[in-house]
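> What follows is each chain in one-letter form.
Number of protein chains: 2
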Amino acid sequence: MHSLKLEKNLPAFDRTMEAAARARLDQLTKPQGSLARLEDIAAWLCGWQKTLKPRTENAHTLIFAGNHGVVKQGVSAYPSEVTAQMVGNFAAGGAAINQLCKAIPSHLRVISLSLENPTQDFTQGPAMSAEECAAAFQAGMDAVPEDADILVLGEMGIGNTTAAAACAHAVAGGNPENWVGAGTGVNPEALRHKREVVGKAVQLHQGNYGDALSVLQHVGGRELAALAGAVWRARELSIPVILDGYVVTAAAAALVLFAPDALDHCIAGHVSAEPGHRRLLEWLGMKPVLDLGMRLGEASGAQVALAVVRASVAAFTHMATFEEAMVANKG
Amino acid sequence: MHSLKLEKNLPAFDRTMEAAARARLDQLTKPQGSLARLEDIAAWLCGWQKTLKPRTENAHTLIFAGNHGVVKQGVSAYPSEVTAQMVGNFAAGGAAINQLCKAIPSHLRVISLSLENPTQDFTQGPAMSAEECAAAFQAGMDAVPEDADILVLGEMGIGNTTAAAACAHAVAGGNPENWVGAGTGVNPEALRHKREVVGKAVQLHQGNYGDALSVLQHVGGRELAALAGAVWRARELSIPVILDGYVVTAAAAALVLFAPDALDHCIAGHVSAEPGHRRLLEWLGMKPVLDLGMRLGEASGAQVALAVVRASVAAFTHMATFEEAMVANKG
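Chains as they are written, first to last, in our numbering: chain W, 1 to 331; chain S, 332 to 662.
If you are wondering where the hints come from, they were derived from the structure by calculation, not from laboratory data. The reader is advised that the hints may include incorrect statements.
DSS-like mimics (lysine-lysine), calculated; alpha carbons at most 25 Å apart, straight line [unchecked claim]:
| no. | chain 1 | residue 1 | chain 2 | residue 2 |
| --- | --- | --- | --- | --- |
| 1 | S | Lys381 | S | Lys618 |
| 2 | S | Lys531 | S | Lys403 |
| 3 | S | Lys618 | W | Lys287 |
| 4 | W | Lys53 | W | Lys102 |
| 5 | W | Lys287 | W | Lys50 |
| 6 | W | Lys102 | S | Lys531 |
| 7 | S | Lys384 | W | Lys102 |
| 8 | S | Lys433 | W | Lys53 |
| 9 | S | Lys384 | S | Lys433 |
Here chain S is said to cover these stretches of chain W; the calculated rule only asks that three of the stretch's residues, wherever they fall, bring their Cβ under 8 Å from a Cβ of chain S [to be verified]:
| no. | region |
| --- | --- |
| 10 | 21-32 |
| 11 | 293-300 |
| 12 | 314-323 |
Beta carbons: idealized from backbone N, C-alpha and C, even for Gly.
Input sequences plus hints: build the corresponding full structure.
The following block contains the structure:
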């Protein structure tokens, strides 16, 4: 894999720029630290963009879509056809993410990954061949615009919370109960079944969780591999990333197997209603920007978080300093 | 008081319109309920605005500013002069809220309430006379534009987290430790002192907490009374309100003494870093939209929440239904 060769050259966070950003924040007309997470976000952007003029205007929202053989096991309330139907809805401008990308401006692009060719049922064998997984990863890398200021990542794929749960379980350990939730809405009996399916799959592929691509190949899916590729490519380009929900986070989490700091350029846009997502964020040490109970996917939570990121940039960039405003600082 | 006579005529939430909004939400191309809080916010707006076309374009952000005699007790890290200096900063466009009102468009207006004439030190006697309190309440009512789609309420006032803590303590009971936090940043010793001050004040005026105005008069402040007036007037006009932090919430909470449903048209924009704010929101049964650790005041947290409200409206208003998009609904 191209990406895996680049490990030693991964751009690092610019701590000097971060410190300069913090120094500016401490001069702005507010009690020190009182904008809290908004200050952290501004300093994070400055450190990754290596500037005291952080930019978010050229935002790109990428949605990767894939289909999953594991739906044969009855893990989703919706049929696989809905993935392509929703991709059609994205193209027609009717989905939630279309409205959110207008309200919180961002370029929206949807990348379908062989929807007519679902992955294999990973309770029976690997979801993909190594080549298929590498191709999906590469498709994710290729989708990242080099000039993006910030990337918002989302997904669509009937059955993919099952794949996300399997990846999270494979990467972070524990047991299926920790990682399997109701997804788009299965009933309690179906939830028990979904847990069995995930437990069985993760056990079946034991011994293949040594690296990111192998996890994604065995118990992931095409859109998950592509998401990991997009996160990786954004890092190569030093582009900050807002992760959406459980599926995006699980895909990204696999990268941590390869490089513990692989997600330092990412923030969690929100924590979804899937309990496994909260657990996985804790495992990753990531604090979500929003906690609104959302569980739609398609980048919707991350897109709303972009509004918070922009608010942060607005305050950081345009507030007056105590000196400029002739306001007395803390005595 | 004019406002208190209007109790019986308080506009009620339109449950029929809410139900119609929920019915529409269930037809949109997403699993039912998957936008969670965004759906709740849309239904809340529809119910108060009595329409299935909720509007937030004509948003008004009001900041009420006041000064506090209790600062003589050494409860704030900043001198009282900073209130007027910050009002100057608002006018010059240099404060956080100026940038946030540009990034998340809203008409900003700052109403100064006799800054040159601080309230009395409420450890010695009532903060204000009944007439002064009523005038401040009326100033808050008068500041609400009748044609506002939505109101965002904030405040500025050195010493006013002490007044907020005293009001919360008077309204919701408990003890000073429950309600007193560090405000804009006092040290541990000063925090202990602030707790003593609040405990002493609340005890001194015991017996005067039977109604909203009396609480605000004895242990509140001018901007708190005005905030309560603005909340009340918005209710008369059926205008939805986004409350900011501890001070705004404490002022609004006093109204609950008068009418238990007085805040049904309000949402908590965020929960601040002041522990008393979280406790007070729990006491009120309000779930904050954002939890970003912010503690600046000046409507900053509520203003960021307006972006979430707008995202909610965008999804509600413009998403396609399953039928329109020819997407299969749950089988």
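> State for each hint whether it applies.
Hint check:
Our distance criterion of 25 Å between C-alpha atoms is met by Lys381/S and Lys618/S, whose separation comes to about 23 Å. Our distance criterion of 25 Å between C-alpha atoms is met by Lys531/S and Lys403/S, whose separation comes to about 14 Å. About 19 Å separates the Cα atoms of Lys618/S and Lys287/W, which keeps this hinted pair within 25 Å; it holds. Of the supplied pair hints, the one linking Lys53/W and Lys102/W holds, its CA atoms being roughly 24 Å apart against a limit of 25 Å.
Of the supplied pair hints, the one linking Lys287/W and Lys50/W holds, its CA atoms being roughly 23 Å apart against a limit of 25 Å. Simply put, Lys102/W and Lys531/S have alpha-carbon atoms about 53 Å apart, too far for the 25 Å limit, and the pair is violated. With a CA separation close to 17 Å, the supplied pair Lys384/S and Lys102/W stays within the 25 Å bound. Taking the CA atoms of Lys433/S and Lys53/W, the gap is about 17 Å. The hint holds against a cut of 25 Å.
Straight-line distance between C-alpha atoms of Lys384/S and Lys433/S comes to about 24 Å, which keeps the hinted pair within the 25 Å bound. For the region 21-32 of chain W, the proposed coverage by chain S is satisfied: 5 residues have a C-beta within less than 8 Å of a C-beta in that chain, meeting the threshold of three. Counting residues of the region 293-300 of chain W whose CB falls under 8 Å from any CB of chain S gives 5; the rule of at least 3 is met. With 6 residues bearing a CB less than 8 Å from a CB of chain S, the region 314-323 of chain W meets the requirement of three and the coverage assertion stands.
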